[in-house]
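Quick mapping for you: the protein sequence lines, in order, are chains A and B.
Taken in order, the first sequence gives residues 1 to 321; the numbers are from the numbering used here.
Taken in order, the second sequence gives residues 322 to 846; the numbers are from the numbering used here.
Check the hints yourself; a few may be wrong.
What the hints assert, rightly or not - List of simulated lysine-lysine pairs, DSSO-like, C-alpha gap at most 27 Å: (1) A:Lys228 x A:Lys127; (2) A:Lys57 x A:Lys86; (3) A:Lys159 x B:Lys404; (4) B:Lys498 x B:Lys554; (5) B:Lys599 x B:Lys545; (6) B:Lys357 x B:Lys347; (7) A:Lys127 x B:Lys365; (8) A:Lys57 x A:Lys68; (9) B:Lys418 x A:Lys159; (10) B:Lys498 x A:Lys124; (11) B:Lys498 x B:Lys545; (12) A:Lys5 x A:Lys124; (13) B:Lys477 x B:Lys560; (14) A:Lys125 x B:Lys365; (15) B:Lys638 x B:Lys786.
Just so you know, these hints were derived from the structure itself, not from any lab.
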Amino acid sequence: MRMFKYVLKRIALMFFVLFVITTICFVLIRILPRELPMEKSQQELILARWEALGYNKPLLVQYGIYWKNIITKWDFGTSWYIAYRKPAWDLLVSRLLPTVLLNVYSLIFSVPIGLALGIFAAIKKNKWQDNLISTMIIVFISVPSYVYAFLVQYIFYFKLGWLPLQMYSLADAGNTYFSWKMFHSLIAPVLALSFGEIAYHCRFLRAELTETLTSDYMLLARTKGLTKAQATARHALKNAMVPVLPSIIGSLLAIMGGSLIIEQIFSVPGVGQLFMRAINTFDYDVFMLDCIFYTFIGLAGGIVVDLSYGFIDPRIRMGER
Amino acid sequence: MSAEFQKIDASKFRFVNESERLHDKKFEDKPIGYFKDAWIRFRKSRASVVAAVIILCVVLFSFIAPFCVKSHDQTFMVVTYAKKPPRVAFLRDLGYKTGCTSRSFSARSLMKALSTGVGAEDYTGKEQISFETAMQSDYMPILEITNAVTTIGADKTEVTTYTADIETYLEVGFIYKSIEQSELENILAWEKEHGKHVLYPLVESNEYCMDATDANFWYKSDAKGNPLTYNAKGTKLIKVKEYDPAFVLLDNYKRDADGNPIYYEYTGGGDVDTAQYKIRVLYVNYYEYLYGEEPNYFMGTDAQGRDLMLRLASGIKLSLFIAICVSVVNFMIGAFYGSTEGYYGGWIDLIMERISDILSGIPFIVVASLFQIHLAKKVGPVPSLLFAYFTTGWIGIAALVRTQFYRFKNQEYIMAARTLGAKDRRIIWKHIFPNALGTIITSAALIIPGTINYESMLSYLGIVKLGSSQQTSLGTLLSDAATIWTNYPHLMFFPAMMLSLLMICFNLFGNGLRDAFNPALRGTE
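Chain B with its partners taken away, still in its complex shape (with noise of 0.2 Å):
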């Protein structure tokens, strides 16, 4: 090379071009990625379109749920208010009949039923209501006598067997409380100020009270509880054993000297805060006076007297979180293990796949136990269900993972980038494994109806223990309706229905997800 070239001033050289810049030329389109791609196959599949909004809005509803009831968390408890069936309020305003059931009376059980709505009205224990009067009435249980049937008793008496809907939260009808002076005023304040009536009349315990710790034998009876009357000529009391829709009670309200009825008791206690008062209420009101609404539960109550809808809520909550963190658990320690026995393959595909070998051949069910009699009082039994899971779960999607690595390792393009200098670990996460991608999360979204069917089945077999008063599963809530379900059929039905939606539609959601991402595959399941 001669001298003059060896040095050059670097002032001399210049841009070939510099006003403007070289590219590729553009696609007109956009590019349709790997992804796009099954994002367009997977919109075509209505159903499972439609499924995966029904996932949505379940989990919606499991997050929401808590902010549409304003008065009560899912710690809420009212005991007298125990497997009680839905009622909604506004439904009950449109003239809806809500948290009823259809149940068959005697004619005295009947009566007993109708006097709690009488009881309601007669507040100045002045007025003559009779039970077809009462009917009218906004605290009346029984909303309908639909059926009066009459039969030849064992004793050759007629006995009328009659059936009627019943609203059971009105049936709950009066209690007996004792409270203390403060409360027994702010009851007052409270009755002056919404026009409603808490307390109502205490009741005499003689001989016309059957039972005196029950608030609801305000009439005058007879010791088996048949309703009395005075005879024609009104000398007499004599019992009444036919229901008759004119009939008017008498009640058995304690009175003062002038006749009027006496609404609250001094029992004891000293001083003006710690005075003890007896009083009978309304529970209904008395309900509404404590927690400021009217009962509604869109779902019932649960068998504690929980609302069953936030249970819900957060037995989904909880179902969901478990599936999906063991979902994704299992697909990172799948994909780690598939891809490292499927890519060195030899000893250590040998060794590994013995190891998966004798974790598949124990029973899910015999690790699920083991694992929670161990771990449970250490740990909590959430994550020692997970630690479950986590054992044997990901041997499906290493088993995937790792065929997908056999497939693709010979493959001239892995070649070309070894080659090229590329590390292993770049190999298997760059090169082969978005070409498994599709596959395995296909398999990973269809763990998650596998892992809420099993988990339902663990808790409602009871080897899993998930309900507390903080939390709940859908198999918990199923498992606590087990034995009571058949007199309470909400108990079931709705967490039953919860969790078959939720298993159909996301079944359907991992077949659509398949179809989409492996378009050979559609149709065989």
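Isolated chain A, as found in the complex (with noise of 0.2 Å):
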């Protein structure tokens, strides 16, 4: 009950935070002054829309018709400059399936590959192989990812000729994102991406268990009789995956952000590159709704992050200082 309590609480405060962030954003975003496309006829047709609209209402008013809006039609506004009066809403939805699935690709490759290389150090501690392991941790983690992505399209374009320049468009790979030439023209920016998440995952998981590798209970497993392998996979890897695995759970949830950077490199018709054509076209209602998708992304990661540790481990009690 306590921790149904917790989780409501917690809920409630995010909606809240969410909530001032929107208004703030709004309040920046509409009193921008706006521009009109060059061609007349569009010209006339778009400021009697906004009239309509109420975008010369007061600016409260105009705050009021926004969430209206949202509460009863689910309206986000419309595009008008990256998608002529198409609602904000759906180019938000129609731009999150590249970018999940970028993601997820990534995370496929990344996730086991790190853990597999923390395990390894951890256990070679203060070995040579640890010491490889922990340098290459270091460059991964402090080498921006655009980095890796001009090595990626470097050496796999230019040099190699094994991988595209950039991700095909829907039309070139046969009007699907799951055909073996979509999944082709990936890997590229699923590679440049991966870097930093196998570091990611690899510093940690190696942090956790060489903790774990040295408490108490692993000597109690060894006295026991169990094996070095045995000990270290039913006690001393349960234990250091607690932490860990929120970590990876949250950044399930952080997916649907995708990476501005690696987007726009690869150009990927994804939710960061409707981000960036947001910003440099002015088109507000599309900004708007995206600075409410990241923050919400953002706390939401946040609230999965703490609530999962609880479902992980019993142990740890819910809402208690």
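Given two chains presented individually in distinct reference frames, assemble the corresponding complex, making use of the accompanying hints.
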């Protein structure tokens, strides 16, 4: 019961924070001067629509209209430039699949490798293997992902010619995101994304596992007659995963956010690219929705990570100070 | 008390001990304080020390680089030499290939590239210089023909493709210029003084000149640019399709009645000062005449023809300036905010925590974009980027300080201090804060790589536009290179390398600092 209350409290708080941030963003975005497209006939049409939508009313009234539309019609406004008169929400949803696909591939690729390397490094602690992996972790974490993107492009496109330079458009890959051709063109961005991910998971697990490997219960397990491998797998690893798993669960939610820079470099038609285009074309309703979306993902990710501790390890009780 | 003791004359008092001042016994060793202790531990971590040294070197580089180049500064721009790879004059003197790339040529384009070297040697228009002898020339752009592959083309003729190392600065070769009389005199005087030729014979624009605007077509060629030569009888001009090292190009120079080539031509203008002349210059020497030094770019030139090394130095300076500014200011805001909420607790803590909750909930990318859109035009891109960092960057530090204060504020020594009458301010800054300092300094140091990373990401994406003729940042350099780096890898290589180096070193340095201040945290990263 206490746990249920705690979850409710966290979610309520999240929506409160989301509401405040939405308000700030709304004010900051609405007071910006709006630009009209070059075409005369479109200009009049857009001006008329803006008048009808209440864009010329006082800010507070506009804000009321904005929430009313969301609550009654799930209408987050309209895109005027990126996709003329398409609802912003539809635009965002249509951009979700490529982003999610890219990040899921990256996750599938990087989590097992990262965890395996982390376990290996922890077992070989302070030997040359561990030193090598630790050095690589520092390099992989420090160097920004777009530097890898260039490396991947240079090696696999220009030198070897194995992978395409950018992601294929939907029409090129047979009108589906799940074709073999599409997968082939996604390998390069997945690789570029994965270096940092691998290093992150590896470092986390290595740090946790080295700690659990030296605990007293490991000594007890060995005294009971378990082999080192058995003891590591059954006791040390299980305990080490307690903080690692939530972070993986957290990144499951974060995959929807996508990576702005990787999507830009490999021209992935995803959420990150939509954000960039919304800023560059001053498509404010889309920009606004993007802000809400990113904020929501960040906040929800935090809650999911916190809550999953309790589900994974019953020893951690929720809602206690 | 008896009366005689109630008033004692001051002169009757005397010191118990006048010869020697009383002290506690001095320590034999020097005391090791908190920071000294941390320094000793930091020194032991070899990687962090190396990282610190590298950071120092990079910073030194960014300040010293402008003084290494005498002839120009970072605003200096030569469009003719845009996007050229690194060229170092003294390496060239030692016989290394510098400023060159490997490229493949057809026979025709190879001969055109070679002709520049021949033309540079054939100053008088009378020497018979073959490709082979011209290869010895200092002005020959083709440094070495590394490979020649003959294939059968589509129309069943043999086509030979050559691979050669070409010096891209010399490849520019000759260009036409229009100058005034006074400058012409200067050039002639400079030529005499240095014994180098700037002016080269003008070219006849007849049917043997393929392109009258391209000063490199000084030899007789057909409409496609194939060089021409006399046939065996010496009666007719025929085109040459195969590359032959012994081949001698026929010049197409403008000559006077005596057969001497013409080096400048009056094109109009009135008196002595304003008279205009058309000249054909060998650009390398013209460059030396203009700027007093042969082209010397340690990291090549950028897309506009500026010295990449100087741009990089200024980019590092700006990026580090932003990072250090952000680190210092966020350190102060975070320390102040965190200590206030941590020390007072209660409803102050509750309200301040909610505020930082809200601020930390806004994704940084959104904050940065909004600040840029609203403020960039009014206060400039750098201040608005700084404001964006100041808005949310201190939250992590504030949270750290807050936990430290919760840890220390109920300990006995604080109670003792309060009993002795210390004010809140004194307890916060003199008693609790120094205890938390190590942790905070570490996280302030780790803000620096994060800031550099975000700055380069934002300017790479074009959200923040920091580039101008006066300043640039690492991300801007990368972003400028983004679309063209495949043909000019040095544009990407140097900034990316420098950025990666800085990131790695700052992270290592920060980790070393953390281990030094907090040995208990060692290994948990």
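How the hints compare with the structure:
1. A:Lys228 x A:Lys127: Between lysine 228 of chain A and lysine 127 of chain A the Cα gap is close to 17 Å, so the pair holds against 27 Å.
2. A:Lys57 x A:Lys86: This hinted pair holds, its Cα atoms lying about 23 Å apart.
3. A:Lys159 x B:Lys404: Cα-Cα ~21 Å, so holds.
4. B:Lys498 x B:Lys554: violated, 39 Å
5. B:Lys599 x B:Lys545: holds, 26 Å
6. B:Lys357 x B:Lys347: holds, 19 Å
7. A:Lys127 x B:Lys365: Status holds; Cα separation ~19 Å.
8. A:Lys57 x A:Lys68: holds, 15 Å
9. B:Lys418 x A:Lys159: Within the cut-off at roughly 23 Å; holds.
10. B:Lys498 x A:Lys124: violated, 69 Å
11. B:Lys498 x B:Lys545: It holds: about 25 Å lies between the C-alpha atoms, which stays within 27 Å.
12. A:Lys5 x A:Lys124: Not OK: lysine 5 of chain A and lysine 124 of chain A at ~44 Å, beyond 27 Å, violated.
13. B:Lys477 x B:Lys560: holds, 19 Å
14. A:Lys125 x B:Lys365: holds, 19 Å
15. B:Lys638 x B:Lys786: Distance ~16 Å between lysine 638 of chain B and lysine 786 of chain B Cα, so the pair holds.
Checked against the numbered hints above, the structure breaks hints 4, 10 and 12 and satisfies the rest.
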